[in-house]
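Counting in the UniProt record's numbering, the sequence shown runs from 1 upward without gaps.
If you're looking for bench data, these hints aren't it; they were derived computationally from the structure.
Treat the hints loosely; a few may be bogus.
To be verified - Within a straight-line C-alpha distance of at most 25 angstroms, the following computed SDA-like cross-link-like pairs (lysine to any residue) qualify:
id, residue 1, residue 2
1, LYS118, HIS137
2, LYS48, PRO64
3, LYS118, VAL68
Said to hold, decoys possible - Cβ pair distances, simulated, as ranges:
id, residue 1, residue 2, range
4, ALA43, ARG108, 39 to 47 angstroms
5, PRO98, GLY31, 22 to 30 angstroms
6, ASP36, GLU234, 19 to 27 angstroms
7, GLU67, ILE126, 22 to 30 angstroms
8, ALA44, PHE192, 34 to 42 angstroms
9, HIS168, ASP189, 14 to 22 angstroms
10, GLY210, GLU111, 28 to 36 angstroms
11, GLU37, GLY70, 21 to 29 angstroms
Beta carbons: idealized from backbone N, C-alpha and C, even for Gly.
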Amino acid sequence: MDLRLALGLAEALERPSFPEGVGLEVYLDPGLLEEDEPFRQLAAKRPKRLSVHLPFWNLDLLSPDPEVRGLTLRRLLLGLDRAAELGADRAVFHSGIPHGRTPEEDQRRAERLAAALKPVVRRAEILGVELFLENTHEPSPEGLKAVLEAYPELGFCFDAAHARVFSHTPEPAPWLELNPHHLHLNDTDGLFDRHWNLGQGVLGHRDWLGPFLDRTLVLEVRGDPGPSLRLLQELAAGRLTPS
Numbered sequence: 001m002d003l004r005l006a007l008g009l010a011e012a013l014e015r016p017s018f019p020e021g022v023g024l025e026v027y028l029d030p031g032l033l034e035e036d037e038p039f040r041q042l043a044a045k046r047p048k049r050l051s052v053h054l055p056f057w058n059l060d061l062l063s064p065d066p067e068v069r070g071l072t073l074r075r076l077l078l079g080l081d082r083a084a085e086l087g088a089d090r091a092v093f094h095s096g097i098p099h100g101r102t103p104e105e106d107q108r109r110a111e112r113l114a115a116a117l118k119p120v121v122r123r124a125e126i127l128g129v130e131l132f133l134e135n136t137h138e139p140s141p142e143g144l145k146a147v148l149e150a151y152p153e154l155g156f157c158f159d160a161a162h163a164r165v166f167s168h169t170p171e172p173a174p175w176l177e178l179n180p181h182h183l184h185l186n187d188t189d190g191l192f193d194r195h196w197n198l199g200q201g202v203l204g205h206r207d208w209l210g211p212f213l214d215r216t217l218v219l220e221v222r223g224d225p226g227p228s229l230r231l232l233q234e235l236a237a238g239r240l241t242p243s
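Using the sequences and the hints given, assemble the complete structure.
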């Protein structure tokens, strides 16, 4: 099982060790993105399996403000450069599509996003970093499907909590049809993006996660990830039955 723990860059540097057999997905904190020393330090101590989460706060490749569009592109490209410096094998990013869009607006925006992503996808390919588009505030999988079809080399990262809390398609099944090879795992009460341990909320991972245990699984939980690690180990061993 390719299991990784999600941490911010500063948190990863402060952590003395990682659970045995567990890799790392590091969020590239915007405040540290342009500082070289933190990346040198992390490269020296990183686990064997490492991915990055590219910056996303206030970024949108399709913002009406050209300054924001330009800033977003520069941050994504720099994030990919940092991923390569760290020896990361993959990078995850958000589409920037805002919440509350109609399906029609979502589809039109997806077509424009596919065009805007061309330099990002190209940079990732040149650097040898696999790139994964994560669902965030899209109303349904359809908009993401159009982007993924435009770039066969682009993978899908599924976050069930985002689907439940932010989208108009709360159940996992329609999103799983996009065949995710990277999954962000945490639990929620269904109202807020809580980042609870698996089994603590309403997402029912034991009912749908089994066929995807051979993919890259990233624990995005706050605090001790022990309960989530144990649930995944029991699920992999077949000791958990659907609820």
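Taking the CB of GLY210 and the CB of GLU111, does the distance hold inside 28 to 36 angstroms? holds, 35 angstroms
Could you say whether the range 21 to 29 angstroms given as a hint is met by the Cβ separation of GLU37 and GLY70? holds, 27 angstroms
I want to verify a distance hint. Is the separation of the beta carbons of ALA44 and PHE192 within 34 to 42 angstroms? Holds: the Cβ-Cβ distance is about 37 angstroms, inside 34 to 42 angstroms.
Should the hint that ALA43 and ARG108 are 39 to 47 angstroms apart at their CB atoms be regarded as holding? Holds, at about 41 angstroms.
For LYS118 and HIS137, compute the direct alpha-carbon distance and say whether it is at most 25 angstroms. Status holds; Cα separation ~21 angstroms.
PRO98 and GLY31, beta-carbon distance inside 22 to 30 angstroms? holds, 24 angstroms
Can the suggested window of 14 to 22 angstroms be confirmed for the beta-carbon pair HIS168 and ASP189? Holds - the Cβ-Cβ distance for HIS168 and ASP189, about 18 angstroms, lies within 14 to 22 angstroms.
GLU67 paired with ILE126, Cβ distance criterion 22 to 30 angstroms: holds, 26 angstroms
25 angstroms limit on alpha-carbon distance, applied to hinted pair LYS48 and PRO64: Not satisfied, since the Cα-Cα distance of roughly 40 angstroms exceeds 25 angstroms.
Within 25 angstroms, alpha carbon to alpha carbon, are LYS118 and VAL68? holds, 17 angstroms
Is the hinted range of 19 to 27 angstroms satisfied by the C-beta distance from ASP36 to GLU234? violated, 42 angstroms
Hints 2, 6 from the earlier list are contradicted by this structure; the remaining hints agree with it.
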